[in-house]
Amino acid sequence: MPKIIIDDREIEVPEGTKVIEAAEQLGIMIPRFCYHPALGSVGACRVCAVKFLEGPFKGVQMSCMIDAKDGMIVSTNDEEAVEFRRNIIEWLMLNHPHDCPVCDEGGHCLLQDMTVSGGHGMRRYLGLKRTYRDQYLGPLVQHEMNRCIHCYRCSRFYQEFAGYFDLGVMQSANRTYFGRFKDGILESPFTGNLSDICPTGVYTDRPSRFFGRRWDYQRSPSLCINCSLGCHTTVSARYRQVVRQEARYSEAVNGYFICDRGRHGFHYARTETRPWQALIEGREVPTEGAVRAARERLAEIVSSGGPRSVACLGSGRSSLETQAMLGQLCQKKGWQGPSYFMDKSLTGKAKTAVSRLDPELAVSLRELEGSDAIVVVGADPINEAPMLALAMRQAQRRGGKIAVIDPRPIFLPFDFNHLPVRLDEINLYLSALVKAAVDPELIVDAGKDAIEFYQEAPSLEIVAASLQEKASILAQELRAGQRVVIVCGTQIVRETTPALAADHAKFLRAAKKQAGLFYLLPQANSFGAALLASSEVSFLEIIQGVEKGEIKGLIVAENDPFYSFHDRQRLELAIEKLDLLVVLDCIESTAVKKANVFLPTSTLYEAGGIFINQEGRVQAAPRAYLGGISIAQIGGGDHPPRVYGSDIPGGELRAAYQFLSQIGNGDQIEDDDPTRRSLLRWIADNIPPLAEIPPFDELSENGMRISSSNDTSPQFAVNWQEEKEKGKGSEGPLEIILTDWTFGTEELSSFSPPLMKLERKPYASMHTDDAARLGLGHGDKAKIKLDEGNLEVDVCIEENMASGVVILPRHRLLEWQKIKSLPKFVRFEEIEKVSG
Amino acid sequence: MALYNDGVGMAPSDLDHEEWEMIQDIKVLLPGFEKHRGNLIPILQSIQEKHSYLASTAMEMVATHLSITPSEVFGVATFYNQFRFHPPGKHQIKVCLGTACHVAGGDIILENFERKLGIKDGETTPDREYSVERVACVGCCALAPVAVVDENVQGHMQPSKVEGLFVQFQIEREREEREKAEREASE
Chain A
23 MPKIIIDDRE IEVPEGTKVI EAAEQLGIMI PRFCYHPALG SVGACRVCAV
73 KFLEGPFKGV QMSCMIDAKD GMIVSTNDEE AVEFRRNIIE WLMLNHPHDC
123 PVCDEGGHCL LQDMTVSGGH GMRRYLGLKR TYRDQYLGPL VQHEMNRCIH
173 CYRCSRFYQE FAGYFDLGVM QSANRTYFGR FKDGILESPF TGNLSDICPT
223 GVYTDRPSRF FGRRWDYQRS PSLCINCSLG CHTTVSARYR QVVRQEARYS
273 EAVNGYFICD RGRHGFHYAR TETRPWQALI EGREVPTEGA VRAARERLAE
323 IVSSGGPRSV ACLGSGRSSL ETQAMLGQLC QKKGWQGPSY FMDKSLTGKA
373 KTAVSRLDPE LAVSLRELEG SDAIVVVGAD PINEAPMLAL AMRQAQRRGG
423 KIAVIDPRPI FLPFDFNHLP VRLDEINLYL SALVKAAVDP ELIVDAGKDA
473 IEFYQEAPSL EIVAASLQEK ASILAQELRA GQRVVIVCGT QIVRETTPAL
523 AADHAKFLRA AKKQAGLFYL LPQANSFGAA LLASSEVSFL EIIQGVEKGE
573 IKGLIVAEND PFYSFHDRQR LELAIEKLDL LVVLDCIEST AVKKANVFLP
623 TSTLYEAGGI FINQEGRVQA APRAYLGGIS IAQIGGGDHP PRVYGSDIPG
673 GELRAAYQFL SQIGNGDQIE DDDPTRRSLL RWIADNIPPL AEIPPFDELS
723 ENGMRISSSN DTSPQFAVNW QEEKEKGKGS EGPLEIILTD WTFGTEELSS
773 FSPPLMKLER KPYASMHTDD AARLGLGHGD KAKIKLDEGN LEVDVCIEEN
823 MASGVVILPR HRLLEWQKIK SLPKFVRFEE IEKVSG
Chain B
30 MALYNDGVGM APSDLDHEEW EMIQDIKVLL PGFEKHRGNL IPILQSIQEK
80 HSYLASTAME MVATHLSITP SEVFGVATFY NQFRFHPPGK HQIKVCLGTA
130 CHVAGGDIIL ENFERKLGIK DGETTPDREY SVERVACVGC CALAPVAVVD
180 ENVQGHMQPS KVEGLFVQFQ IEREREEREK AEREASE
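Residue numbers (this note's numbering), protein chains in the order written: chain A, 23 to 858; chain B, 30 to 216.
These are calculated hints, taken from the structure and not from any lab test. Check before you lean on any hint, since a few could be wrong.
What the hints assert, rightly or not - The calculated label-pair distances, taken between Cβ atoms and stated as ranges, are:
(1) A:T612 / B:P155: 35 to 41 Å
(2) A:G38 / B:D179: 54 to 60 Å
(3) A:G49 / B:R144: 51 to 57 Å
(4) B:K149 / A:G49: 46 to 52 Å
(5) A:E852 / B:Q53: 41 to 47 Å
Idealized CB from N, CA, C, for every residue including glycine.
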């Protein structure tokens, strides 16, 4: 390891470390525009020049281009280097407009900082400046090309790092232009990062334009809760509303970037339609009154029907505190639940994913980037958890091979092999691939279970003829891979798949590979929900209980079954049958409108909270601001209100767990902390994997990874006969698969106006053969006959998906709740073309 | 759905006639090239060879053929000086901005042409009469600043000479029209 002296201080760094990185480790920030740790060096901006006094290089050199070597003595503040850097900045500023007062980047602009700190305060150049035409790049990013200093960060991120090619470098030399072929919405779902990495104001965040300077904002670390990955963000709030969200560096989860869904998914907390006032039967009442009403009416129900006549529904988007409070109430009061999932199958899958996530096998998102073979089973990364696709792209760029076994038409921004098979075939294909990838000699001492598992697992013979070639290539790539990761979704797959994925990861480990396992869960805190959920009661059982008249009262905490339950008609009837529906939520939902008692809860930004991501990482987000109706909304614009009062409008919000505690325990809560503290104690005592959970504010930057696996769940217990039987016969009816899209299906982010502009109109995807049999053409409208009436939807014909399935997005503009049951099959006769 | 308008279902009059021809030609030309991104420059060259410029529709068609984005095609094409994106004018004006001409104020000459014609360098007037481009040294530095108008080298250029050139073109055009009118009258 080379030793290098920078500014008279010695440091030892690994071979291949650039001088600029070595200096950073010493706390010396050498100026940089083009260098970015995630993108590497290109030496385009010349502003990181330092003077090399001793060693293999001499004189002024670019510190981002030179590897640290033994014997190097470097000075960052040598007069010659300082002079050089000053000239570079002046040179870059020749064409840069003097528009800082109206530029949104002003205040957190790297170029501005460097210009000021470099001492270039006066303009000497009097000539004409180079100007460009700006482009429309969509609702998220504002383009202002005149400000460009040609550092190439944007095109390197967009093309090399993220794998999209509709934005790039045009022209050359003095006319170099960064943009698209012509105006249009950027195709990548990672475009917000352009505003983060641009060292000046070429790309700025469009929705938050002209709202404030960085120093105006209350900035605090936070978490993204728009999917289960739990990426780190920085929230900027001003005048009681969230204005902007940026990526926050995280070594363990998201690295330097986040996706657009996460970046712009916060608007639910500031929409004008957000319910701020407690309601009883639709009438606005003081919060205390609503809490009392809920408590009293629940007590009535319990006194007449016993504790089992009250049930609790939570969700995967609540903080762990809220989820645990539901658990505590159910435990203490004997109420039914808590349930967090819509049906038992989903509960089962989430519970399996949690209990089979062996700490030896679990990999973080960043560790996934280092794998050399990834098998994705029943997951659609770009739509379900976009940042996973970005991590997989990094693995692929380093030579990793990627296979996807999924019925949907998968798109990923890199080369991969897709085996489009039906849900019933996924298990077989996974086994066949893994079996072919393992050397039988290596597993002799792997244990009896593993050997039996290996012998009984299906081989590549089960693979359909059309996929044989692809599958054998995949098997070879897997065989060559040493660090293999199995990525398993939990949304669409059969109940057996998550356990099978774990079996295979274990088996690969037994076969001397560094195997890893990476589950995707439905929502941000589904992990916590799975730890707490009652395995007897899912929401479907609650509905059944209501129908039978056993359940009279229902408490719904931060969930909207009208959004997520797959049988709207049945749900409506059940809700009408209830004596009492108590809803606690922070978004305007159908459940809120139907509630007998409604309590407005605070969001993650106003209360903070603990979330556990899909790899079992317990992470805490502190409160970002105090809450209340934003000044913009009260003043009807960005003007402060003209009528003053001493209280904060909308200031009666509480976190859902506090309301629950008041309802259940009758506590008078004055302060936030005692409830949270006692709740965390309850969590530690009652949920073994969380026994070690530290107090809220002591959770470290990267959270704490818990070990949630337990040995009681059966391993290598697969009924291959049954699996093979199910995998046979493709002439049956078509299966409807409900799926997520990047934009438009996730509950919270669908409140975001800028993201609404990116939503596609919902359409059903169908395989070419199925569509031909139905006489449907691309873009035709199809009518799917369902028990609750017809579902009309546009058809998109795809070649790269499984036949025998119809893919429907869980889109808010599509009445998919008509499908009534899951899994759902429709016969060919039940789908027809709508003419005209 | 194709990104570009490939002329299907449209009458030639809907499109610029030249562009229509270019599209028809490209349709014939593209299958001759393997779908490999290394073929990008050869394809662009052969289109330009025949039509002397690249229309944006042409670049979108090439992008579709090679399964890359139009942005990549445009990025490569604009990088090189050899490609032009506007059809050449009847009279081609090349203004030298080589070292000697630069020192002698070649940029002032270029600006004069641009202002006179209302176009930027690399562009063509809407009536297709003139196109202006900058070149780097035409090899007669002693005459700096130099402009090459059609095939004629104009040395020691001055703003007043720019005006003079256009007066000449104007006289030429009027003479042609007069002769044409006389011919028609005599027939």
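Going down the list of hints, with the structure as the test:
For T612 of chain A paired with P155 of chain B, a C-beta distance near 58 Å fails the hint of 35 to 41 Å. Distance hint for G38 of chain A and D179 of chain B: a CB-CB separation of about 58 Å, consistent with the stated range 54 to 60 Å. Taken as a hint, the range 51 to 57 Å holds for the pair G49 of chain A and R144 of chain B, whose Cβ atoms sit roughly 55 Å apart. Under the hint 46 to 52 Å, the C-beta atoms of K149 of chain B and G49 of chain A, about 49 Å apart, fit the expected range.
For E852 of chain A and Q53 of chain B, the Cβ-Cβ distance of about 46 Å falls inside the hinted range of 41 to 47 Å, so the restraint holds.
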